[in-house]
Amino acid sequence: MSLWEYANPTRFMATTRRIVPVVAVLSALCLAVGLVWGFFFTPDDYRQGSTVKIIYIHVPSAMMAINAWAMMLVASLIWLVRRHHVSALAARAAAPVGAVMTLIALITGAIWGQPMWGTWWAWDPRLTSFLILFLFYLGYVALWSAIEDPDIAADLTSVLCIVGSVFAMLSRYAVNFWNQGLHQGASLSMDREEHVADVFYYPLLLAIAGFVLLFVTLVLVRTRTEIRARRLHALQMRARMA
Amino acid sequence: MRRLILRDLALAVRAGGGFGLGLSFFLIVVVLVPFALGPDTSVLSGIAPGVLWLGALLSCLLSLDRIFALDYEDGTLDLLACAPIPLEGVVIAKACAHWLTTGLPLTLAAPVLGVLLNLPVPGFWWLVVSLALGTPALSMIGAFGAALTVGIRRGGLLLSLLVLPLYVPTLIFGAEVARRGAERLDLGVPLALLAGVTGAVVALLPFASAGALRINLR
Amino acid sequence: MRRLILRDLALAVRAGGGFGLGLSFFLIVVVLVPFALGPDTSVLSGIAPGVLWLGALLSCLLSLDRIFALDYEDGTLDLLACAPIPLEGVVIAKACAHWLTTGLPLTLAAPVLGVLLNLPVPGFWWLVVSLALGTPALSMIGAFGAALTVGIRRGGLLLSLLVLPLYVPTLIFGAEVARRGAERLDLGVPLALLAGVTGAVVALLPFASAGALRINLR
Amino acid sequence: MMPDLGKYAGTVLGAYAATLLLLAVLVLLTWARGRAVRRRLEEAEAEAKEMRRG
Amino acid sequence: MALFEVEDLSCARGGVPVLEGVGFALAPGQVLVLRGPNGAGKTTLLRTLAGLQPPLTGRILPGPEVLAYGGHADGVKGALSVEENLTFWAGVFGTGSIAGALEAFDLKRLRGRAAQNLSAGQKRRLGLARMLLTGRPVWALDEPTVSLDAASVALFASALGRHLEGGGAALIATHIDLGFPAEVLDVSRFRAVAAPVDGLDGAFA
Amino acid sequence: MALFEVEDLSCARGGVPVLEGVGFALAPGQVLVLRGPNGAGKTTLLRTLAGLQPPLTGRILPGPEVLAYGGHADGVKGALSVEENLTFWAGVFGTGSIAGALEAFDLKRLRGRAAQNLSAGQKRRLGLARMLLTGRPVWALDEPTVSLDAASVALFASALGRHLEGGGAALIATHIDLGFPAEVLDVSRFRAVAAPVDGLDGAFA
Ligand code: HEM
Ligand SMILES: Nc1ncnc2c1ncn2[C@@H]1O[C@H](COP(=O)(O)OP(=O)(O)OP(=O)(O)O)[C@@H](O)[C@H]1O
Ligand SMILES: Nc1ncnc2c1ncn2[C@@H]1O[C@H](COP(=O)(O)OP(=O)(O)OP(=O)(O)O)[C@@H](O)[C@H]1O
Ligand SMILES: [Mg+2]
Ligand SMILES: [Mg+2]
Chain C
1 MSLWEYANPT RFMATTRRIV PVVAVLSALC LAVGLVWGFF FTPDDYRQGS TVKIIYIHVP
61 SAMMAINAWA MMLVASLIWL VRRHHVSALA ARAAAPVGAV MTLIALITGA IWGQPMWGTW
121 WAWDPRLTSF LILFLFYLGY VALWSAIEDP DIAADLTSVL CIVGSVFAML SRYAVNFWNQ
181 GLHQGASLSM DREEHVADVF YYPLLLAIAG FVLLFVTLVL VRTRTEIRAR RLHALQMRAR
241 MA
Chain X
243 MRRLILRDLA LAVRAGGGFG LGLSFFLIVV VLVPFALGPD TSVLSGIAPG VLWLGALLSC
303 LLSLDRIFAL DYEDGTLDLL ACAPIPLEGV VIAKACAHWL TTGLPLTLAA PVLGVLLNLP
363 VPGFWWLVVS LALGTPALSM IGAFGAALTV GIRRGGLLLS LLVLPLYVPT LIFGAEVARR
423 GAERLDLGVP LALLAGVTGA VVALLPFASA GALRINLR
Chain S
461 MRRLILRDLA LAVRAGGGFG LGLSFFLIVV VLVPFALGPD TSVLSGIAPG VLWLGALLSC
521 LLSLDRIFAL DYEDGTLDLL ACAPIPLEGV VIAKACAHWL TTGLPLTLAA PVLGVLLNLP
581 VPGFWWLVVS LALGTPALSM IGAFGAALTV GIRRGGLLLS LLVLPLYVPT LIFGAEVARR
641 GAERLDLGVP LALLAGVTGA VVALLPFASA GALRINLR
Chain V
679 MMPDLGKYAG TVLGAYAATL LLLAVLVLLT WARGRAVRRR LEEAEAEAKE MRRG
Chain Z
733 MALFEVEDLS CARGGVPVLE GVGFALAPGQ VLVLRGPNGA GKTTLLRTLA GLQPPLTGRI
793 LPGPEVLAYG GHADGVKGAL SVEENLTFWA GVFGTGSIAG ALEAFDLKRL RGRAAQNLSA
853 GQKRRLGLAR MLLTGRPVWA LDEPTVSLDA ASVALFASAL GRHLEGGGAA LIATHIDLGF
913 PAEVLDVSRF RAVAAPVDGL DGAFA
Chain F
938 MALFEVEDLS CARGGVPVLE GVGFALAPGQ VLVLRGPNGA GKTTLLRTLA GLQPPLTGRI
998 LPGPEVLAYG GHADGVKGAL SVEENLTFWA GVFGTGSIAG ALEAFDLKRL RGRAAQNLSA
1058 GQKRRLGLAR MLLTGRPVWA LDEPTVSLDA ASVALFASAL GRHLEGGGAA LIATHIDLGF
1118 PAEVLDVSRF RAVAAPVDGL DGAFA
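Protein chains in written order, with the numbering used here: chain C, 1 to 242; chain X, 243 to 460; chain S, 461 to 678; chain V, 679 to 732; chain Z, 733 to 937; chain F, 938 to 1142.
Hints may be right or wrong, so weigh each one.
Some chain C residues judged to face chain F by a derived CB distance under 8 Å, without partners named [what the hints assert, rightly or not]: (1) P9; (2) T10; (3) H85; (4) D149; (5) D151.
Derived lysine-lysine pairs resembling DSSO-like cross-links, with alpha carbons at most 30 Å apart [said to hold, decoys possible]: (6) V:K727 to Z:K840; (7) F:K1045 to F:K1060; (8) F:K1060 to Z:K855; (9) Z:K855 to V:K727; (10) Z:K855 to Z:K840.
For the record, the hints were derived by calculation from the structure and aren't laboratory data.
Ideal Cβ positions, reconstructed from N, Cα and C, are used throughout, including at glycine.
Here chain C stands alone, though its shape is the one from the complex (with noise of 0.2 Å):
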């Protein structure tokens, strides 16, 4: 049996309302068990204080707003390829999710930098690539809500991410030398090689797995709502007809 085969409507709905349950409540048990785990239950770091326990969303966040706009880019893709009204549709449903996401890092990013760098803000270029990725968020949603016609906008969207990713990655070079120049001081810079220790390693697997999870749930659910739209859309539409 191919793959493709849950791309029909009626079996994905099928499909779905079977998993959604089982998905939301392992999701739901990750995050509890993460997030309970790593807030209440791991020691504060000899440096950062307490404020290490940002960690256990600050960074699933921010992964989970990269993924998302991949998982976009390859839903976009498989639409424009093989027309698979499903793909598009949960592509249209990741947006907003990863949107969130996008707020959620650089919000608890910005929350954590008032101690760690003495300000809310700096034009680093990790931070800055974000924000530029929740301007494509928004871009993209709102092209999705500006079209009438569901065929017309799930093309025209797919061309946006499509165009809008290779601007992205563009974007991040771009930022990256563009704050190459500056004395920022090295304290400002997120260091890639500072290992994480264990006892912040594990609760912060299981808080990455709840967001992925939480991610998966929340697009499936979104999906469902859209095949949903879309045919009450087609309903009304014959009804005009007629």
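Add chains X, S, V, Z and F with the ligands to chain C, keeping to what the hints say.
Relative to the frame of chain C, chains X, S, V, Z and F with the ligands by itself:
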């Protein structure tokens, strides 16, 4: 009039052209400024009040052409002109709805964006005050410009051109209040002047705008 | 294609929507900046290259919705899509006409406005070079955004929202070239990157834009 | 029960509160729209069935 | 006694006089149909009477405030539902309930539908239903039956009939047959003589 | 031998199938008039044939490149003169002189006039004159005689006649009588059965 405002708000929410887009534009302009000027936070924080005021003004500007043009195109404006409410009231209601969908959200969002530009902390409060006092004037002047250009197809650029010079006094006093607020200087005079400009604009321009509308409907 | 460019130029000149308005908007934005930021010349001259780039970008933005919308509304776009010229050619011609009526005049006018902002003398030359290299990309990206939003009534604000994030790389490299030029720093790398971005955009985006147009004409 | 967050209590709690709030809003909106669409679809189905019969 | 009276009216469009010396009177219960080829000036006349543009000369009695104008465009907001559209206008004109208007133009079934999802004929019906909510005695309609099918034209005719019975009057510009008898005023009779532009003053007539 | 042939075509508008199983062939010299009530799908069919939207199924032979499409909108630029408008299109289609087109639609006197100062009928004539400049054998026209007076309709008929004599063909959607005999294709025959949207897949048909 209350009905007209409510209807315009409903339209703005439904059509998705209201709150969201203006705010996003504001956000983008503020984000673009450091790209153009460089990421040096000390420079940015010095010019932050002015940049925020300019950004608010520009996002206000971009939504002006919706004030009357949509109603003109579908004939609603003709019908409103024949209705038993004065055209001045229509203008005020329209400007009011525009302010509620643009000026008010911008005012509320400005402090958040102030964070991005490292606006000094005492500046936040005065930024909000100056925007709250100044944006009604922006909407009213904008409604006047929109009334002047309502019959022109794709008149957006012309509208911006007409309106921008009219925005100068508001911008000067508003940005001055915000800047002095950020630097903890005395700001009584510009504040009074800003309030004066807004008061005068709101009191007088509805008549001019209604006149312009009447001429354009002929 | 040559014909299409000539026709668009003729239309821009006749309808008065072309050169004049974009330039005036540029002028006004640049004039407003000192009002918003305060008249301190040393501050202004430091940020002058960035302000000029931002102003050019915004005036470019405001004229984008004219690229396809007028032709869409009066049916010309339908007819062009049926004509024996590829839609990609139409897009290139349109972007080209937009650049000739907007980017080129802005580039030429920028040094004059640089005087208003006390742009350091060595900056003039590099400002012009960076704008000349960067504005074609602005027009082409703008044409892509206009193609995406051509069917949407009063889509101007949405168009800005879609296009501005796409402008980020061009703006960063362009403003960097202008700034380094003004400060007599080495600018080979950003100049090469700016040229690269423009080249890639002009080479690839016509296809995406033509695709978007085809979808919108359905 | 509550761990000692030291001088960063506001920071950490603020970050968690903001996150949970945003996630809650997202989940609620998702749920509300799902419910609204499902209800409207059921109405439309009923109407369509009636039209076919009548 | 005339409900509405026009004396020696001339009106211009785009600066050029189009009609001259128009005069007529409407009694309660009377319908006057305006006819004339394209460009004769029917729309211009109706807009002048509705007070949307000032007449060059002449008098309109008692004035535009007794007139309810319905133009080429319907003034319908696509994003609002049928009901919201009508409620808005009922509020503006201060006339209470919209139930009668919904009834008269068979819009009950469509009341919750967004106006942009209506077909052209349904949209036109919505535009006509608005006339009932103005509560004004004289209806001035520009091509009211465009894009209406026969059943809808009959709905319009009966709504108009009730309006006339209630002491109202109507002024209707149209090219097509309305399906009921009515007095006709040929607008081309009043066509402004293209006065030769004499000297420089003539250009400013 | 058919100049243009359509087999088993279905087309959709706004995602909803409108016509199904459309098939016909046009021989040189043949005119086919498309009829059908408002919303039957005439415009949709013409746009599909012109290649502006892809058909759902079916074949169009030899393809859109033999068709010259003239839609509801004239594609006339108000700021340009009549002559400039026509010269532009002649350039796009690579067909030489515009003299013949000016002659055929009596536009000689108007050649220097800006198109925005034309009356609706004159503007329509300008739009039709464009067809002569495409040099394509099959004209696909949507309501070509709207707002034309009798004399202009005759001009159109004779231009069309010459086009047919030269081996061309035409496909004309219209509600009104064209004033000359022609074969009729009733589009409503092909109306897509409003398939009950069964199950979720139906929504994506
Ligand atoms: C608005 C501001 C911020 C944004 C947008 C942001 C964004 C990101 C991103 C994209 C990642 C990478 C996640 C991944 O894929 O592994 C990350 C990781 C991280 N961030 Fe932030 N960040 C921000 C502020 C901060 C601040 C203020 C701190 C604390 C000083 C911080 C500490 C970290 C740490 C420790 C990691 C994990 C590093 C790793 O394991 O690779 N971030 N952040
Ligand atoms: N904006 C304008 N500027 C200049 N002249 C105009 C304008 N609009 C209309 N006209 C001219 O005014 C005259 C009267 O137009 P009007 O619209 O009143 O005619 P009408 O009788 O309503 O025609 P129709 O039957 O087509 O509706 C026409 O000759 C027309 O060319
Ligand atoms: N943008 C659109 N979205 C959805 N449906 C549409 C759209 N445009 C038209 N339709 C519908 O498609 C159908 C076919 O329309 P079409 O314009 O082809 O009809 P037509 O035969 O040309 O009518 P007319 O005689 O009025 O020109 C109609 O039922 C109409 O309601
Ligand atoms: Mg008329
Ligand atoms: Mg049609």
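To see whether the hints hold, each was checked on the structure:
no., hint, verdict
1, P9, "4 Å, holds"
2, T10, "5 Å, holds"
3, H85, "5 Å, holds"
4, D149, "5 Å, holds"
5, D151, "5 Å, holds"
6, V:K727 to Z:K840, "20 Å, holds"
7, F:K1045 to F:K1060, "13 Å, holds"
8, F:K1060 to Z:K855, "28 Å, holds"
9, Z:K855 to V:K727, "26 Å, holds"
10, Z:K855 to Z:K840, "13 Å, holds"
When held up to the earlier numbered hints, the structure conflicts with none and fits them all.
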